[in-house]
Amino acid sequence: MHFALPPRKTSRPPPYLPRTSHLPGLRRTRLKLIALGGLFFLALIYLITRSGGGSSRHGLPAARVPKGNPPVVIVTVLDSTKFSGTYLQTVKQNRLQYAEKHGYQTFLAKITDYDLEGSPFSWTMVVAMRDALTKFPDCHYVWFLDASSLIMNPKLKIEEHVMPSARLEELMRKDLPVVPPDSIIKTFSHLRGQDVDLVISQDKEGLSTSSFVVRNGEWARFFLETWFGPLYRSYNFQKAEVHALEHMVQWHPTILSRMAVIDQRTINSYAKGTTAEEYKDGDLVVGFPECVTVGPQECETRSKPFAQAWKRVFESV
Amino acid sequence: MSLSRSPSPIPGGGWASPGLNIASGRSSPAFAGSSSTPAMWESSRLKRGGASGYPSFSTKNQSFFGRHMRRISSHLPRFSSSTHYAEKKKLGRGGWSVHNVPLLGRVKGILGRMGRKMKIRLLMLLMLILAIIIFYNTPLVYHWRRSIWFGGGKKFVIILGANVGGGVMDWKGAREWAIERDSERNKKKYAARWGYELEIVDMSTKKRYAHEWRESWEKVDFMRTALKKYPDAEWFWWLDLNTFIMEPSYSLQDHIFNNLEKNVYRDINEYNPLNITHPFAQTYLDAESQSPIGDGNPGSINLLLSQDCAGFNLGSFFMRRSIWTDRLLDVWWDPVAYEQKHMDWAHKEQDALEQLYVSQPWVRKHTAFLPQRSINSFPEGACADDGIDQRFHYNEKDRDFLVNMAGCEWGRDCWGEMYNFRQLSYYLNRNPWERFKEDLVAVLWFKITGQKVTL
Numbered sequence: 001m002h003f004a005l006p007p008r009k010t011s012r013p014p015p016y017l018p019r020t021s022h023l024p025g026l027r028r029t030r031l032k033l034i035a036l037g038g039l040f041f042l043a044l045i046y047l048i049t050r051s052g053g054g055s056s057r058h059g060l061p062a063a064r065v066p067k068g069n070p071p072v073v074i075v076t077v078l079d080s081t082k083f084s085g086t087y088l089q090t091v092k093q094n095r096l097q098y099a100e101k102h103g104y105q106t107f108l109a110k111i112t113d114y115d116l117e118g119s120p121f122s123w124t125m126v127v128a129m130r131d132a133l134t135k136f137p138d139c140h141y142v143w144f145l146d147a148s149s150l151i152m153n154p155k156l157k158i159e160e161h162v163m164p165s166a167r168l169e170e171l172m173r174k175d176l177p178v179v180p181p182d183s184i185i186k187t188f189s190h191l192r193g194q195d196v197d198l199v200i201s202q203d204k205e206g207l208s209t210s211s212f213v214v215r216n217g218e219w220a221r222f223f224l225e226t227w228f229g230p231l232y233r234s235y236n237f238q239k240a241e242v243h244a245l246e247h248m249v250q251w252h253p254t255i256l257s258r259m260a261v262i263d264q265r266t267i268n269s270y271a272k273g274t275t276a277e278e279y280k281d282g283d284l285v286v287g288f289p290e291c292v293t294v295g296p297q298e299c300e301t302r303s304k305p306f307a308q309a310w311k312r313v314f315e316s317v
Numbered sequence: 318m319s320l321s322r323s324p325s326p327i328p329g330g331g332w333a334s335p336g337l338n339i340a341s342g343r344s345s346p347a348f349a350g351s352s353s354t355p356a357m358w359e360s361s362r363l364k365r366g367g368a369s370g371y372p373s374f375s376t377k378n379q380s381f382f383g384r385h386m387r388r389i390s391s392h393l394p395r396f397s398s399s400t401h402y403a404e405k406k407k408l409g410r411g412g413w414s415v416h417n418v419p420l421l422g423r424v425k426g427i428l429g430r431m432g433r434k435m436k437i438r439l440l441m442l443l444m445l446i447l448a449i450i451i452f453y454n455t456p457l458v459y460h461w462r463r464s465i466w467f468g469g470g471k472k473f474v475i476i477l478g479a480n481v482g483g484g485v486m487d488w489k490g491a492r493e494w495a496i497e498r499d500s501e502r503n504k505k506k507y508a509a510r511w512g513y514e515l516e517i518v519d520m521s522t523k524k525r526y527a528h529e530w531r532e533s534w535e536k537v538d539f540m541r542t543a544l545k546k547y548p549d550a551e552w553f554w555w556l557d558l559n560t561f562i563m564e565p566s567y568s569l570q571d572h573i574f575n576n577l578e579k580n581v582y583r584d585i586n587e588y589n590p591l592n593i594t595h596p597f598a599q600t601y602l603d604a605e606s607q608s609p610i611g612d613g614n615p616g617s618i619n620l621l622l623s624q625d626c627a628g629f630n631l632g633s634f635f636m637r638r639s640i641w642t643d644r645l646l647d648v649w650w651d652p653v654a655y656e657q658k659h660m661d662w663a664h665k666e667q668d669a670l671e672q673l674y675v676s677q678p679w680v681r682k683h684t685a686f687l688p689q690r691s692i693n694s695f696p697e698g699a700c701a702d703d704g705i706d707q708r709f710h711y712n713e714k715d716r717d718f719l720v721n722m723a724g725c726e727w728g729r730d731c732w733g734e735m736y737n738f739r740q741l742s743y744y745l746n747r748n749p750w751e752r753f754k755e756d757l758v759a760v761l762w763f764k765i766t767g768q769k770v771t772l
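Residue numbers (the working numbering), protein chains in the order written: chain A, 1 to 317; chain B, 318 to 772.
What the hints contain is simulated information worked out from the structure, not anything from laboratory work. There may be inaccurate statements among the hints.
Unchecked claim - Below, in silico cross-link-like pairs of lysine-lysine (DSS-like), each with a Cα-Cα straight-line distance of 25 Å or less:
1. Lys239/A / Lys658/B
2. Lys186/A / Lys545/B
3. Lys101/A / Lys157/A
4. Lys32/A / Lys434/B
Just need the whole structure built from these sequences, with the hints factored in.
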């Protein structure tokens, strides 16, 4: 509709210019452009954040990183049917003093602590390791040391002497038959130190479970729980958990690929044996692996000279 | 003569097609002259023609063009060279009507009267519609759904175990081939629709497995192969051959994975046919292993399966790429376990998994269950002891996703079940036009004339 004349202006003009409804810098067209740009931007963000049909919306939860408190837990199973009371006291003192020196924790289990559902008591070591992981979720390493071994060198620390990646790569024996002398399953030849979760040694009969280190983590739980599987325990392995371990390592690459076999004397010297096995001064550990087969007193007599030696060394440091 | 259908032999010999007859001079049976019957079949005409001994021959109306030339040519566009523009204008002046203006002109007129803005808007609308049509009618939609960024279809691999037995146990008959063909086509179509990967694996009995007592652990090995073969994929869906995807319009993302935590249950006590003690009560385990739902985060689910009336069912299950999965696939088969249990384990790999679930906390933490009917509905014949059970059996009204004809090879008719479910799936997923024809037109026709028609 058109009027003949434009409407009259007011005779008293306002002193200031009336304010327009729009902000001065924003024209209508520009506003549209901004809205379009914003829409495009939001769509882009939507596409990026949903990333792939939502299936990966639930990413794998980040693995818990242990803080290293304590850095190492020493696990020992004390079996009063195999060892004499005084010897076990010596072992206990040995572990406690070493742990105190380095700020470690000890986990000393008795064979009656766990319900093994009728399996031999030697299986206690596996479940005790698992228990140690539960009790000390923030530890870096769990070191199992059999009761028939004594720590001889208080200066060596597990996390420096054995476990650094570079040190492991130096120590680990590659392409070695897992079960001597001629197992067709051999240790990996291209294993990096950071991928190792189980450090173990081998004596002349096979893998030795009297001293080994496990790195805390999901793999450790998987490994120990599988090892403790009821069908392994019910199977008639000649040496129960030791042969079960050898079986696992040979049949399951997810376990073999995380294992490093190192020179025996690094963590598991024997009091008597071949030159590769025999204890020399300065070694971390001395073991008396056959003593339990002879009788409870045997370990005590065999260990006597070493027991005095470690006490002397521990006092001097 | 026009050939309304392809020539085919008739029982009496010769060809039923009129076009190939010697006596083909007539355009219709009624033209048969002296005969008293107005219409005759070609065969009888042939006999009669032979008896009279006069093969009629005529050049008139013989060919298709001969008869239809006029009709066709009258519809062809022509150049009107005689009419001038001026004359036309004059003619139009008398009584102006819409019908005299050609279509193009009319559209031009509408466009001319339209504002510039309106034109642009219309153009944009047209472009949008065109874009949508192009998107859905070209491989674009496939690539969109497949791509990791948009649809994410590449993250899913369907593994179909085909060729079960592989002709070693049994000679494969027509029905077995038909089952294979239908099942494979069903999965192929589904995978193509949503851009998933499809891996059809050969489950034929191999010496390798028979020798190592590893029969039916092939699943494990194929799963591992697929993990290697599809490095981009995240979820791997195992399907037995006797399965049929009833609702191909459900994508796995919508159906399960976008809302994983709501669709699954991790506490097996919710449905526990095996009476497994859950959760673990051993005090040497950490809180997460003792919790009934693991860590409760759907991201930690690495194995998704369903339970039927007898326990775990591995006819249809999902595994996610993870370190955990590698470990499980590794320890699933163990000679020590097998040696002790092979007499008890009737469903070898299924029982082995149950055993692992029962005894290993690390397995339980990452396993979740789907209600059976969401990925693995049974037909009436399976789990049939207590009649139809809402938890296991396929229900047409709820439009269950997949049917697994589990155990049909033992005394049931696999092919019959497969065929029925295939037909049912087609019926349930008719498009709107088919529904209109069959549910409305055909029904009305039936009511009016009393005759059933298929359109």
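Now for the hints, and whether the structure bears them out:
no. : hint                : verdict
1   : Lys239/A / Lys658/B : 21 Å, holds
2   : Lys186/A / Lys545/B : 23 Å, holds
3   : Lys101/A / Lys157/A : 10 Å, holds
4   : Lys32/A / Lys434/B  : 15 Å, holds
In summary, the structure agrees with every hint in the numbered list given earlier.
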